[in-house]
Amino acid sequence: MDARLEAIRDTVLARNPGEAEFHQAVVEVFESLGPVHDRHPEFLEAAILERLCEPERQIIFRVPWTDDAGRVRINRGFRVEFNSALGPYKGGLRFHPSVYLGIVKFLGFEQIFKNALTGMPIGGGKGGSDFDPRGRSDAEVMRFCQSFMTELYRHIGEYTDVPAGDIGVGGREIGYLFGQYKRITNRYESGVLTGKGVSWGGSLVRPEATGFGTVIFTQEMLKTRGTSLEGQRVVVSGSGNVAINAIAKAQSLGATVVACSDSSGYVVDETGIDVALLREVKEVQRARLKEYAERRAGVSYVDGGSVWDVGATVALPCATQNELDGGAAARLVRGGLVAVGEGANMPSTRGAIAVFQEAGVLFGPGKAANAGGVATSALEMQQNASRDSWSFEHTEERLTDIMVGIHERCAATAEEYGEPGNYVLGANIGGFVKVADAMLAQGLI
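In the working numbering, the protein residues as written are 22 to 466.
Take these hints with a grain of salt, some might be off.
[What the hints assert, rightly or not] So the derived label-pair ranges between C-beta atoms look like this:
1) R25 <-> S407: 39 to 49 Å
2) E312 <-> L465: 50 to 60 Å
3) G319 <-> S285: 16 to 26 Å
4) G39 <-> E315: 34 to 44 Å
5) V93 <-> P142: 33 to 43 Å
6) E179 <-> A68: 27 to 37 Å
7) P142 <-> E418: 17 to 27 Å
8) A41 <-> A375: 17 to 27 Å
9) A41 <-> G326: 17 to 27 Å
10) S249 <-> G332: 17 to 27 Å
11) G326 <-> G381: 20 to 30 Å
If you're looking for bench data, these hints aren't it; they were derived computationally from the structure.
All of these numbers come straight from a predicted model, not from anything done at the bench.
Built from N, CA and C at the ideal position, the CB exists for glycine as well.
Using the sequences plus the hints, can you model the full thing?
Take a look at the structure:
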């Protein structure tokens, strides 16, 4: 790391003790930024990095609710409004037992750069709770979401902060959250949340956008090597919304997705994952992947283990942070891997990224490759603001243009800074410079 940035890094880590994921995200970005400060010493003079690493606002609150047995439950809610230099804070809500301040801050920090790369006027933020919706009834989820929004509503708005979904927060949860916001404020402010149902202000393509965008970005990387997804053998981690839509898009482009996973294990389907069956098992029945294997001939199910043991030419990690480590990366490389597109946020450890880069594997970091979700959220905000709705085809075309533009921006930035093909550097510098310029223009705030 550039020596000028080491002291800043050490201060940031010391000010945020015990937040391992946030530390990891900060260090990964700092390692790319030395050349920027050679060209732009004004960024150091204005303490852009120090300001960028300190959220503009951190909100932590109690969320009391009652379960179906009438027992009082208590969870903790978070919203970290990280940076509004480019527009209102924008980023999802995650409901998962692992959620604590360090995870929310890592996600919000990544979101700053991701949102900047889209070219849309949106800042960076993130939120969530340690509530686990899995196994809860609809009534319990509704009561939790209503209690959560009863505190959150005072901090959000279409010109202030616009949450969306993330892990554990899908259409059901967004509906309950929006309903409570509308009830409390007495306003039908469609643009306050994205990921809404299409019939009440949502956007077509939004459910598909993160998975589709990841595959589009991966396809663009492959084009730089004169190839495409046609005929590629693909492994995807996860089997939620992002993973399912990544599988669907990859197979529509001629790839064969042979494996996917959930927290219990993974399936191997050499003929290609049956997307319709996978949707039924995971989205309708909310069942485990084992059910998929039991209902489809010729499919093997591995209880536990790692989906990265399955050989592939393209890997799409779409589950959660730090799911793919250096050992798994080395196994994939030995199996003939040529490209990785991150559909999740920071799913590859620093060790895994080093393995991929040393082996010459095309590597699309999440802040670039999975930006399709937030980009389409911004398109949803546009439709809400104009009281309009767009066709699936038009919205998908806009998404494709944005993802191609993100790839071009990352590739051009990496080339400009002397490391062609280094999408990590391209994404970090490309996003940082856009935000830093805006922060300088707006003064010391």
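For each hint, the structure was consulted:
no. : hint                      : in the structure
1   : R25 <-> S407: 39 to 49 Å  : holds, 45 Å
2   : E312 <-> L465: 50 to 60 Å : holds, 56 Å
3   : G319 <-> S285: 16 to 26 Å : holds, 20 Å
4   : G39 <-> E315: 34 to 44 Å  : holds, 42 Å
5   : V93 <-> P142: 33 to 43 Å  : holds, 42 Å
6   : E179 <-> A68: 27 to 37 Å  : holds, 31 Å
7   : P142 <-> E418: 17 to 27 Å : holds, 20 Å
8   : A41 <-> A375: 17 to 27 Å  : holds, 18 Å
9   : A41 <-> G326: 17 to 27 Å  : holds, 25 Å
10  : S249 <-> G332: 17 to 27 Å : holds, 20 Å
11  : G326 <-> G381: 20 to 30 Å : holds, 27 Å
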